[in-house]
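Novice: Chains as they are written, first to last, in the working numbering: chain L, 1 to 248; chain S, 1001 to 1303; chain U, 2001 to 2608; chain G, 3001 to 3477; chain X, 4001 to 4114.
Quick caveat, the hints were computed from the structure, so don't treat them as lab data.
Examples of chain L residues toward chain X, derived with CB under 10 Å:
1) L9
2) D34
3) K59
4) Y78
None of the values given here were measured: they were computed from a predicted structure. Where a beta carbon is used, it is the ideal one built from N, C-alpha and C, also for glycine.
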Amino acid sequence: MKRIAVIILLGVLGFFIFSGIYSNEAFTEFGNVDLNNRVSNKFITKSVTDENDIVEFGKSSNLETGSANYVTSIVVNYRSFDTLGEVTVLFISSLGVALLLGTLGGKLTHKYRANFILRVGAKTIFPLIALTGIYIFIHGHLTPGGGFPGGSMIASAVLLLYLADENFRAKMSSFKLAESFAGSLYVLIGIFGLLTSGYFLNNFMNTGVIGDLFSAGIIPIVYVLVGLKVGSELTGIITDFLKVEVDE
Amino acid sequence: MNIMNFIYAFLLLVFVFLFQTSITGINRKVMARLQRRRGPKWYQQFIDIFKAMSKSSTTHGWIFDFGVIMALGGIMATTILIPIGPFKAFADVDNIFIVSYLLAVGMLGMAMSASGSGNPWASIGVSRALTNMLAYDVPFMVLIVSFIYAFKTSSLSGFAALQQGAGILGWNFFRFPLGGIVALICLQGMLGKKPFDSFIAPAEIASGPMVEYGGRHLGMLFLLHEFSTFIEVSIIVHIFFGGGATPLEFMVKYALLYTFMNIISGVFPRFKIDQAVKFYYKVPLALAFIQGLIIIFTGLGVS
Amino acid sequence: MDFNALILFMVFSAVLSYLVSKSNIKLGAYSTILFSLISLIILFLGRNNIGNEFSLLYMNFRVTAIGWYFSLIMILIYSMTAFFNPYWMEKILYPSSYNFLYLFSLAATVGLFFAADLITLFIFWEVVVWSSTFIVPLGKSRKAAVVYFTISSIGSMATLFAIMFVYSKSGTFDINEAFKFLASEPLTATFVFFTFITAGLTKIGIFPFHIWLPLAHGNAPHTFSPVLSGGLVKMGAFIAYLSVGILPAYKAFSTSMTIMGIPFQIYLLMVLGAISIVVGTLMAIKQDDVKKLIAYSSVANGGYILIGILMMDQVTFAGSLMHIFNHAIASAAAFLTIAAIAHRTKTTKISELGGMIHKMPVSYVVYLISIISLAGIPPMGGFVSKWLIVQGLASKGLIFIAFAAFFGSIGSFLYVFRPLAGLFLGQLAPKYENIKPSTLVMKIPMVILASMSVFFGIFPKYLLETIGEIQTSIGIDPIMINGDTITTINGVLNTNKVAAIFGFGFVISLMIFLVLPKSRKVGLMDTYTSAEFIYTPELYHYANSFYAPFERLYKNHPSVEKFLGKFAVKTEELGILVNSLFFSHKPSVTVLWVMAIATLIFLGGVDI
Amino acid sequence: MTNPVLLIVVPLLLAFLSVALKNNKKQLLFIAAVFNVVGVFIIENGSYVIGGFRAPYGINLNLDAYSHLAVLVINILFLLIITMSNEKTKEFSTVLLVALAGLNGMLLTGDLFNLFVFLEIVSITGYILSTESKKYKYSFNYLILGTIGSGLYLFGLIILYAIFGSLNMADISFKMLSYDTGKLVVPIFLMFIGLAVEAKLIPFNGWVRGVYGNANSLIGSLFASVYAGTILFVFGRVFGQVLVLSEYLVAVFVAIGVITLIAGEVAAFSKNKIREILLFSSIAQSGLVALLFVTGLIFPTVLQLLNNIITKAVMFTIAGKISDDADTDEADKLKGIFANNKIIGVSFTVSALSLIGLPLFYGFYSKINLLLGLFSKINYFVAAFILLATIIEGAYFIRLLVKLWTPGEEGKESNIKFVTDRKVEFDFNKKVIAFMLSLIILLAGISPSLVKTNLFAMNKLLNEENPSYMFELKGGM
Amino acid sequence: MIQYVSIVLMLIGIYGLLIDRNIIKIIVALNIFEVGLNIFIVSVGFVSGGVAPILTSVNSNSALIYVDPLPQALVLTSIVIGLGTTALALAIARKMYNAYNSLDLDEIGGMDND
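Next up, chain L with everything else stripped away, as it sits in the complex:
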């Protein structure tokens, strides 16, 4: 009975949300978006500060942002502040998990014994996954991906090790140090921008030619830091979750 009532309520609500959204002609229908009406228009032509008509891959240089990946240009340049916040969210969540679970002292014991293939395979595949992760965040400005996927990959590699070996323990202190270091550096880069050009998180480096690995100014640097930070934070979360309460 309760379920039916809830379904009816949500049905009605959904109906109103639909009609509220779609009865509004200004809400562009799916797929009919005209970017000229949106701020993204300028992100595509990278002409927020300087007017550019057309940006060409491998040719245009010294643009306001040098990332070939538009999403990355937004994430790390136009809306880099959001990303700093995002990193902070992750940081604070992992800190919260650590505060909640970090005091537990016990170890989670596997119900199974990892077999040989798993153990060896995991150890073999770990560097490959980690390397792929690093690749992804280094090439964040060129290809899909970036600091977050890369970092997650690194963390997943660590998770694999945990799954494979119940005695494995990540060295949390070094991860913490990395986390702290990466986060601080991100902020310091921002402050450096502030000091040199008056804008926090300003892209104070030469952005180079679009499409080059060494281009896009601070974007790769920031993405590397983000990758490191995300990797170590997620690792921290995983490690904390594997702790159990000690029986007294």
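Following the hints, put chains S, U, G and X in place on chain L, whose structure we already have.
Specialist: Using the frame of chain L, we list chains S, U, G and X on its own:
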């Protein structure tokens, strides 16, 4: 206000004492005849008073004495305010409110003295007397207010003067019959006559407020009783029966009214105190309001 | 001396008194006497300040005749009561704060009466409320303070609404200017009139706001009850005065329906005043606690004051202003005597006391005079003021109001006599055999107040002349007084003559008493007991349910207290409902609310 | 140093560093708080873009009179609160640093999505802080509701983005002026839900009772004063200045505000525990502030908001400390607790009286101003409801104060012997700061011109009758 | 279509929040809600015929029609935030299980049973 006023006042007091005590004596006789007794002599009341005064007495402390003095003093002061026909000891003091509030001093003094005796019976009597007062005074005062509104005066002689010259039908009692009935019912309460005499109630409480008195205290209280009776009946005579163009007219009216009230009292049983209150707030108060509204809104009987 | 200096001095003296009390509480208590007396003298001598205007911070003041009159009463009551403070210092939990709040609330009342704009008025109003709120719970009841504050804030919030409303319409806070526009807008004026006066009604204790008086007056520290009853209640009268005097009520309501020449809006409030008289009287009659009894008598007397002020005419208004003074001193004196008794006996219950007259004769006499004045019996001041009020009512033919007035005034004989008989007279309980009379310092204010009651009863002209000036200053005919003869349309009153006649009667009576044979003094237990032998004075004392037959008549009366109590319970229940409806440890409850509300709102706001 | 971004990033930097410098966490927190307090006096008004990209393309921070006042108050209060409850900050230093950054971010940001990010940061710090009481079910409730709320906010925001093509506050505000806002009921109300959950508006605030009701001195006062203050400032920014509301929505929001106000006061009236009384009072005040913001009143609302958060900082600290030490916060069991803690008692009393809005205290000034504002907008009914709420508020606060000050049985005189035997020792920091705050309340009440003219940002708010947010911001675009 | 589905997904998530008493299920429901939301965000930026917003040697020109990159950037943030809250929620859920020995909110008990 000079020394002559005070001499007049003194003479007035003496006169009232003689007059009222005689009337009381006569009324005792009348009552006795009604009850088919012979009754005492008409001057028996004087004898009672002087006898009490000459006897020895006990006192329960200074408040017991002071209360009696204050009571009698207050009542006598009030008596001085009452005009007898056209005769007034002092001018401009026969205001009805002054009279009724000054009357309260005497009541309060007596009540204080009674309670000061330390006898709970006395206190009970006082409590009943005061309750009774709350019952009868309010309807009467409502009536008075409407009269003041109508006649633009609040002095007893003023009321009386307005009724004179038109014969018996000029009396307020006949011009405002409802009010007249209320006034008589209230007078019965003021006088403490049956059916509203439960605060003295000789048969029920040992002896009401007076239980502890004897000798000179009792004698003074007898005096007080005479004076207060005079005041209460006079008020009604002035307001409802046209007062008196001459002192004699006033005295005749007074004597008749007082006797009439006494006779009524002779044929009634007694209300319990709460019954009395209920009665007063049902019948006389309602009548008083009706009369008041008639006077204020229709002016019927005013001119 | 300028009055802004006076107000500053009073505030400063409050702080100083606090500091002095911190080092020596007794000294601090004496400092309250000193400071309030100094203020009284400054105020009294500073009468030539009337008409002056001055400002402090953002507050503006204007010294008016009526303000001066009210302040004088207030400081008088405070300074007289202050004489009792030294004896309660050990008994009060926070003596220094008490002293501070005592003087501080005094300063605030004076500020209130001199306020030139509505905001200043409201500020001081609320300051008095909260500063006195913190004194009340030092006494016997915590609940009293809460009820006091709540009822007061009902009033003050209504008044604040009116103030803001008037401001939004007239654009000024100045008391004299702000209300002017109402003269031509009867509907708005009705609204403003009723909301603005509410604070006054709550403070005077007009039905149905009267319930805080018995609680707060009855339970406040004994030294503060006189101030509450004699002093602070009168602030309400001031607001009532502003509502009919400054707010052009009669002018604004000139087109509305009238009852005996009184606009029905005002008549309605007069009916409330009348109800308060009746309710106050009936409730006072059945009280066993003297303080509560006097508190209910304040309710009844508040009714008189309100009615008189609302009449705003030559006679009744004068009577009302005079009654404010008379009631203040009489009620304060009565409370002070009770305090003096409580100081020795630790109780204020009539049924627990008796025969105090033999131990504290001065207190008795003072109490007697005050209650005679309260009941309006000549030759005390209360008589003159009640006489004026009754004359005024009669001249307008307001018989229903007059009925209440008479009921209250005769009923007052009943309730003033109850403590007289039960507490002062009757049998003295053996446990009080050895108590001492009140101290000299306590006697000073009691005697002063009592003699003032007598003095202004015999020579009311000193008061009525001032009142006449007030009446002239606000544009109504002053009360006619010639020598000591007060003349109204329907009658005259010469208090000297009445007093002289009373004295004459008394002298004759005394002489009669003295010539008659001496009597023998016997003990209180030596009485006629219908042949029973009784040895226990406590049992031989009639004080419990003194008016039992009469009380029985209305024992099942409907009660505002109960109603408000129920209301409070309902509010709490509503609060619990809010709790259980909205607050849970389950997210689903709130999410459901969110979704339901969203659905509801989209239902109304989305075009489909 | 004039760029307000430092108020956000310096605490953030120290937060990151504090992971490495474990032993000096507490000092870092203190340094950051002091830095921010000093900072708010140096920063200059204007629009600051991040990364050098002009608004509305880049994110900008907007420091106008309104947000300047907000950061000023919030940072000072933050510093005072962590100083007051110094002994409790160690464990949560990093969280508090992040919270400080997030709070400043919320107040300063000029971008609606950036606001969402900071809102999440602040919420998450809130979830973490709320676990301190070990009442996990309440933290869980808070987390779920907060997440749903911010999810709905984001939902609404994205719809707005789809319509207006921008996330920048000023840009959206500008575009909304020439738009029929009656069609935006769904997105705006969804955003409203998101903020209402955090702003404690009934019925979106099911988490409040569990979380506030069990918070200790540090966390309770942080929530009730700093967090609540920030979210309400942001609420005022978004719904009072940025979004153009249709009449329908204004009516709805005012109704919700009034319901919150009355229901909150009524619920507080029914409570006996100090913290619950205070939390329901906070709810009511939030309702009041929210409805005033929606009505379009800025200056008086800000005054009232300040009144609420300053007094709540004092009262929640005291209430939290009492319940920490005495193991209960039921007023009936704490009779006369102030008899032995007079300074604390006076501070608590002054705060409570100011909250009720009694004269001579700062609260009166704000109450008068808000009434003046409402009357000038002919909002008589709202004013009447506010006054009604004041009556209830007065009743329960006086009841509480009377209990805490004057112990005694009914019918007996208040006496020291009735004082509860539960002992609470207040440390020096709490005494000094609480007393100082109550002095400020008193001073501001006696001479409100201090607030009006001397508090620089206030003056500007007062001068602009209807401060139009977008025009001030256009410089950044 | 995908947009409609996303809204329905959100409603399903809310349905789960309303119905479920189990903490873990509530967290799952929350995640469903977030997924729906994220899909909605991305869908807002879709342009029919647009290409992924990355300049490559194939799509080497900014004059091409790209889908709106901004919602994609936003959704990245949203996802990460969702991840953070989920992690925290799970941590709290574990603590709750330890504290109350149950994952059922009804069994854990009401407001006033502390």
